[in-house]
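Engineer: What follows is the residue order along each chain.
2 protein chains.
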Amino acid sequence: MDTPSPVTPVTVREVGLRDGLQSIARTLPTAHKLDWLRAAHAAGQREIEVGSFVPARLLPQLADTAELVAVARTLPGLVTSVLVPNLKGAQAALDSGADAMLLPLSASHAHSLANLRKTPDEVVAEIGRIRALRDSSGSCCLIEVGLSTAFGCTIQGRVDETEVLRLLQAVLDAGAERVGLADTVGYADPLQVGRLFERAFKVAGDRLACGHFHDTRGLGLANVFAAWQVGVRRFDACLAGIGGCPHAPGASGNVATEDVAYLFASMGVPTGLDFDALIALRSQVVQWLAGEATHGAIARAGLPKTMKEAA
Amino acid sequence: MDTPSPVTPVTVREVGLRDGLQSIARTLPTAHKLDWLRAAHAAGQREIEVGSFVPARLLPQLADTAELVAVARTLPGLVTSVLVPNLKGAQAALDSGADAMLLPLSASHAHSLANLRKTPDEVVAEIGRIRALRDSSGSCCLIEVGLSTAFGCTIQGRVDETEVLRLLQAVLDAGAERVGLADTVGYADPLQVGRLFERAFKVAGDRLACGHFHDTRGLGLANVFAAWQVGVRRFDACLAGIGGCPHAPGASGNVATEDVAYLFASMGVPTGLDFDALIALRSQVVQWLAGEATHGAIARAGLPKTMKEAA
Numbered sequence: 005m006d007t008p009s010p011v012t013p014v015t016v017r018e019v020g021l022r023d024g025l026q027s028i029a030r031t032l033p034t035a036h037k038l039d040w041l042r043a044a045h046a047a048g049q050r051e052i053e054v055g056s057f058v059p060a061r062l063l064p065q066l067a068d069t070a071e072l073v074a075v076a077r078t079l080p081g082l083v084t085s086v087l088v089p090n091l092k093g094a095q096a097a098l099d100s101g102a103d104a105m106l107l108p109l110s111a112s113h114a115h116s117l118a119n120l121r122k123t124p125d126e127v128v129a130e131i132g133r134i135r136a137l138r139d140s141s142g143s144c145c146l147i148e149v150g151l152s153t154a155f156g157c158t159i160q161g162r163v164d165e166t167e168v169l170r171l172l173q174a175v176l177d178a179g180a181e182r183v184g185l186a187d188t189v190g191y192a193d194p195l196q197v198g199r200l201f202e203r204a205f206k207v208a209g210d211r212l213a214c215g216h217f218h219d220t221r222g223l224g225l226a227n228v229f230a231a232w233q234v235g236v237r238r239f240d241a242c243l244a245g246i247g248g249c250p251h252a253p254g255a256s257g258n259v260a261t262e263d264v265a266y267l268f269a270s271m272g273v274p275t276g277l278d279f280d281a282l283i284a285l286r287s288q289v290v291q292w293l294a295g296e297a298t299h300g301a302i303a304r305a306g307l308p309k310t311m312k313e314a315a
Numbered sequence: 005m006d007t008p009s010p011v012t013p014v015t016v017r018e019v020g021l022r023d024g025l026q027s028i029a030r031t032l033p034t035a036h037k038l039d040w041l042r043a044a045h046a047a048g049q050r051e052i053e054v055g056s057f058v059p060a061r062l063l064p065q066l067a068d069t070a071e072l073v074a075v076a077r078t079l080p081g082l083v084t085s086v087l088v089p090n091l092k093g094a095q096a097a098l099d100s101g102a103d104a105m106l107l108p109l110s111a112s113h114a115h116s117l118a119n120l121r122k123t124p125d126e127v128v129a130e131i132g133r134i135r136a137l138r139d140s141s142g143s144c145c146l147i148e149v150g151l152s153t154a155f156g157c158t159i160q161g162r163v164d165e166t167e168v169l170r171l172l173q174a175v176l177d178a179g180a181e182r183v184g185l186a187d188t189v190g191y192a193d194p195l196q197v198g199r200l201f202e203r204a205f206k207v208a209g210d211r212l213a214c215g216h217f218h219d220t221r222g223l224g225l226a227n228v229f230a231a232w233q234v235g236v237r238r239f240d241a242c243l244a245g246i247g248g249c250p251h252a253p254g255a256s257g258n259v260a261t262e263d264v265a266y267l268f269a270s271m272g273v274p275t276g277l278d279f280d281a282l283i284a285l286r287s288q289v290v291q292w293l294a295g296e297a298t299h300g301a302i303a304r305a306g307l308p309k310t311m312k313e314a315a
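Going line by line, the protein sequences match chains W and Z. Offset between the first sequence (1-based) and this note's numbering: plus 4. Offset between the second sequence (1-based) and this note's numbering: plus 4.
Think of the hints as simulated: they come from the structure by calculation, not from any bench. Among the hints, a few may not be true.
Just so you know, same-sequence chains aren't split out, so a pair can sit in one copy or run between any two.
Below, a list of computed lysine to aspartate or glutamate pairs in the DMTMM-like style, where the Cα atoms sit at most 20 Å apart [stated by the list, open to error]:
id	residue 1	residue 2
1	K309	D164
2	K312	D164
3	K206	D39
4	K92	E51
5	K92	E71
6	K309	E165
7	K312	D99
8	K309	E167
9	K309	D103
10	K312	E165
11	K312	E296
12	K206	E165
13	K206	D164
14	K206	D139
15	K206	E181
16	K92	E126
17	K206	D280
18	K206	E313
19	K122	E167
20	K122	E181
Please build the complete structure, drawing on both the sequences and the hints.
Structural biologist: Shown next as structure tokens:
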């Protein structure tokens, strides 16, 4: 494995407005979400997952997703994505004019059944129907599949790598245009990450385009680094590390956007992000979510003197 | 760079009793320190830094170092090390019967002057005198030099890599038998860590035998992983991540022993550590230090189901 050249830019996709907020009981008012969206765009974020087209009775926190997409579409250069659990959600995503829809598929059978009441292969079939719907609609909305629990599962335990790779091939065959691997429960270690992404690149080539890591057990940034070493150039993250982990109360969930940005900035890898703007937005979000668990190292410690000198 | 085989064991040296406790204002009673020492040994730790031979008026927290060494020497298979700032401390270390003495040398001139009122080269000369003293004493006490601020400095900012390598050669020439690189202030990034350790191995060969990382900005474990990737097999760590960072209040300091142990366990790298024993000791130490900042992810989140199954 060669250490990659540090000059290729990395994209940090903000998923706080969806992944983060869906696991917080309170509903952030739409006006605050729109402020967050605009400020994230102003800080240089060019991919933002703004919500999810799931029934509002299941996730009232995200009931304003269509409204957010409408505003996001007006922000120059922004790739607006939404999470979509099924064909009905996909239709809503197409209607909204989002640029991309993210379809989750759990590599763990037990997790898939518990979460979606469908086997992974039933979800693959639904992905095929969503691709047909998208094609017949004439829309250019990109179809991305996120393979969740790809590194292990709190219900099932171990998830076989060959099963992850089989499902990866299956979703590509079903019409996914972009795929990613997600450590949904914070079980991954950096060796496993490097190995599985290397194998996945052999299956998906450059359609493998996202790493989604949680910091539940402190290895979030080590895993981001390991994925980057084998060629991943796009990562999900939540500002202030919101999102939590329902299986480990008090533990952190998603890697924090500002910490991922710091990791890459410290290595000299361009992300297009304005650090001060990101940290200012983080303070605002933490204030809106007062009382909720937030995480993140760089906001506590501040930038090193060496980086301030370089800036 | 090839990913190393995960079968070579890694040593996690406990430095909490010295590096951790010296930055906490209160003094942990000797009886508690001895309990900690014995429990750490029982949990499988085979290298422990038990204190420092500095004047008690400067560090009253570590005034019982000789007493700790005396007990540590009775624990089977334990390598007992002490920190030593100068010739006088070295004499005390030799008198105590410690197995190894750690001599700090700051690669940052500004840090060296502020901390020790000596230039790095004056410290190198003192290391030569300490080597001569050790040799004439007939003791086998190993001389290890830790190059602090090797990745940057809060006072000076950038620390030139060629200066780090020059000092590394100088301390080897002066008689150091083992050397390590330390990110004293949490400035390192994993690319820098891999690069500098690779260059340092070319200078010191297998005498380069320690990585000392802080988690101040969230990159502690990513840096441990990066150093491991290029061949480092011995790391300093503090139980519960005590040690703090005087330059960034609220930020974490040393990487947490239990989190480093988890990183390696998750990758299948043997450390000889008993996880449950380590976590039980951590709870005890946190209780003794109630009110002090402690850190660590795995103690909050618990081991993953996959690892429990493997155990």
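Engineer: Against each hint, give a clear statement of whether it holds in the structure.
Structural biologist: These are the hints, each one checked on the structure:
{"no.": "1", "hint": "K309 - D164", "verdict": "between (44 Å within a copy, 14 Å between copies)"}
{"no.": "2", "hint": "K312 - D164", "verdict": "between (44 Å within a copy, 17 Å between copies)"}
{"no.": "3", "hint": "K206 - D39", "verdict": "neither (41 Å within a copy, 52 Å between copies)"}
{"no.": "4", "hint": "K92 - E51", "verdict": "neither (23 Å within a copy, 60 Å between copies)"}
{"no.": "5", "hint": "K92 - E71", "verdict": "within (18 Å within a copy, 71 Å between copies)"}
{"no.": "6", "hint": "K309 - E165", "verdict": "between (42 Å within a copy, 17 Å between copies)"}
{"no.": "7", "hint": "K312 - D99", "verdict": "neither (45 Å within a copy, 46 Å between copies)"}
{"no.": "8", "hint": "K309 - E167", "verdict": "between (46 Å within a copy, 19 Å between copies)"}
{"no.": "9", "hint": "K309 - D103", "verdict": "neither (39 Å within a copy, 37 Å between copies)"}
{"no.": "10", "hint": "K312 - E165", "verdict": "between (42 Å within a copy, 19 Å between copies)"}
{"no.": "11", "hint": "K312 - E296", "verdict": "neither (30 Å within a copy, 30 Å between copies)"}
{"no.": "12", "hint": "K206 - E165", "verdict": "within (13 Å within a copy, 37 Å between copies)"}
{"no.": "13", "hint": "K206 - D164", "verdict": "within (17 Å within a copy, 40 Å between copies)"}
{"no.": "14", "hint": "K206 - D139", "verdict": "neither (27 Å within a copy, 57 Å between copies)"}
{"no.": "15", "hint": "K206 - E181", "verdict": "within (16 Å within a copy, 45 Å between copies)"}
{"no.": "16", "hint": "K92 - E126", "verdict": "within (15 Å within a copy, 73 Å between copies)"}
{"no.": "17", "hint": "K206 - D280", "verdict": "neither (38 Å within a copy, 39 Å between copies)"}
{"no.": "18", "hint": "K206 - E313", "verdict": "neither (41 Å within a copy, 30 Å between copies)"}
{"no.": "19", "hint": "K122 - E167", "verdict": "within (16 Å within a copy, 60 Å between copies)"}
{"no.": "20", "hint": "K122 - E181", "verdict": "neither (22 Å within a copy, 61 Å between copies)"}
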